[in-house]
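*Asks:* Listed here are the chains, written in short residue letters.
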Amino acid sequence: MPNAEPPPVVIAEGVGHVTRYFLREVGSVFWLIVNTFEEAFERIQHGRVPFRAASFFRHAERAGVDSVPLVGLVSFFLGLTMALLTGYQLQRFGTERLIPGLVAIAFTRELGPLLTGIMVAARIGAAFTAELGTMQVSEEVEAIEAMGIGPLRFLVAPRMLALILLMPCLSTVSNIAAIFASSLVCKAYFSIAFPYFFDLVKDSLLIRDIITGIFKSLLFGLLIAAIACYRGLTVKGGAAGVGTSTTSSVVTAITAVIGFDTLYNVVYTTFYPT
Amino acid sequence: MVELRDVHMRFEEKKVLDSVSLKVEPQERLVIMGQSGSGKSTILRLILGTLRPDSGSIFFKQFEITRLSRRKLQQARRHIGMVYQYSALLSSRNVRDNVALPLEELTDKSRAEIDKIVDEKLELVGMGDTKDLLPEELSGGMRKRVALARALVLNPELLLLDEPSAGLDPVIASVIDELIISLSEKSKVTSITATHEMDSAFRIATRMAMLYQGKIIEEAKPEKFKHSKNPVVAQFVSGSTEGPILEGSLDAITKK
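Line by line, the protein sequences are chains A and B.
Sequential numbering from 1 applies to the first sequence in this note's numbering.
Sequential numbering from 275 applies to the second sequence in this note's numbering.
Simulated from the structure, these hints should not be mistaken for laboratory data.
All values derive from a computational prediction rather than experimental measurement.
The beta-carbon is built from N, C-alpha and C at its ideal position, and this holds for glycine as well.
It cannot be assumed that every hint is accurate.
[Claimed, not checked] Lysine to any residue pairs mimicking SDA-like chemistry, simulated, CA-CA at most 25 Å apart:
#1 B:Lys390 with A:Arg52
#2 B:Lys383 with A:Ile144
#3 B:Lys346 with A:Leu233
#4 B:Lys460 with B:Gly400
#5 A:Lys236 with B:Tyr360
#6 B:Lys460 with B:Glu431
[What the hints assert, rightly or not] Only part of the chain B face toward chain A is listed, based on derived beta-carbon distances under 10 Å:
#7 Gln349
#8 His353
#9 Tyr358
#10 Gln359
#11 Ala362
#12 Val427
[Said to hold, decoys possible] A partial selection of chain B residues facing chain A, derived with a Cβ cut-off under 8 Å:
#13 Thr324
#14 Arg345
#15 Arg351
#16 Arg352
#17 Met356
#18 Leu364
#19 Ser365
#20 Pro376
#21 Glu379
#22 Leu380
Work out the full structure, taking the sequences as your base and the hints as a guide.
*Replies:* Encoded structure:
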C-alpha cells in the first residue's frame, strides 16, 4: 500500500501559501485603514467634512444604541454566572469578599471589551459587510468612485468612526451590567450588602484597569470596522459572494479580536507584570 | 478629447484588449460595438480609471489617466459622467438624493441651488415626478433615465454609456437615444457608448468601432460601417448565424 502522507515539500508549499494569503490580507486591511484616514484628512484639509454627520449618527445608532440590550443582557448573565461560580469556590476559604473585585477587574480590563468585541463583530460587522458587499456587486461602490467621490471616506470612514467611538461606550455598558449582576448574587447568596459591595469594587479597581479596557475597546472597534468593510468592498461572485464574505468577516473579526486581545495581554503583562 | 494608445488588458488568463488604439474627438458620439464579453465595458472603465491597463496609455483632455494619482484621478472624473448597464443607483437613497449626491459631495452649492439643478436634470430626462421614489420602485427604463440625470448633474464634457438601451422596450430605448443625441448637439457633450443593440447604435453614432477578439477591427461612419466588407462586421450587423463569429461554436451548438 502506498504511503498516504504528503511529502514535506507539499506541506511546506501549503504552509507558505497560507502564510502568504494571511500576510496579504493583513496588509490589505492595514492599507484600507491608512487610505481611509488619508482620504478623510485630505478632505478636511480642503475645509470640507469627510462625510455627513447624518451618516455617522445613523451608523452610531445602529452599532451603538441598538446593541445596548444585547450587550447589557449577555454581560448581565455572565456577571451573574461568574459571581456565583467563583463565589462558591472562594466561600470554602472564607474569602467571598473578593468576588466584587474579581468580577470588576475581570470585566473592566478583559471580559467587557472582549465580549463586546465579539458581539459587535457578529452583529454589526456582519451588517457592514453585507451592506457594502451588496453595494459592491450592484456596482454602487464603483459608481460612487466614478463620480469622483472617495468611496473610503464616504462609505468606510463614518462606519469606522462610529465603531471606534461606540465600542468604549458599549464596553462600559457591559461592565456596569456585569458588576450590577454580581452585586445581586453577592447580596442574595453571600450576604454582601450593596454599599459594602461597591466599596470593595472601588478599592480593587485601578485607573489603569479602566484605561486598559477603554484602549482595547477603541482598537477592537477599529479592527472590526476595518475587517468588515474590507470584506464588504472585496466581495466577488454576486449574492453567494456576499453570503460567503459575511461569514468570513464575522469569523475573521472574532478571531482577530481574541488574537489581538491575547497579544495585548502578553505585551502588557511583560511590561507591567502586576 | 479621449485617446487610447496601444492598450493591453488581461483578466487572469483571458486577453481582453490586445493593442487597442482609439481616438475620440470633441462632440463626437462614438459607439463601440462587439459581442457580450468582448471588452466594451472594460474600455469605458479604463477611460474612467476604475481599471488600470496592463500596458499602454489613456488620455482624457490634458490628463493621462494611467499615470494620475488618486486625487488627480478624482478631479478628472468630475468631468466625466458614467451610466452603468444596470444603472448602479444607490438603493438606500431616493431619486432626488441619488441625483444630488455629486453636487452635495463635490460642490459648495446651497441646498436650494442643488434642488434647482436636480429638478432641471430630472425634467430633462422626463423623471421630474419621481423625486421621492426609491430605485426599487422604478422600472428598468426609469432607472436608466435617473442614472443619466445623475451622470449629467455636474455638466460633464464626456459621457460614458454602458449598454444604455439594453433590456428596455423599443420606445424607451428610443427616448434614451434621442436624449443622448440632444445632449451632444445642445450641450456639446462628447459620448462613448458601448452596446450591441444595432438600432440604438446606428441611431446614436457619429462614428462606430467594432471590437473583436481584443482588437478594434473596424472604425467608420455609420453608413460605411453598415456596408462594411469585413466579414465579422458584416455578420455582426446583419445578425446572421453564418460567418466567422460563430465558427466552431455553432457546430458545437447544433451537434448538441
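*Asks:* For each hint given before, does the structure comply? Return the numbers of the non-compliant ones in rising order.
*Replies:* none
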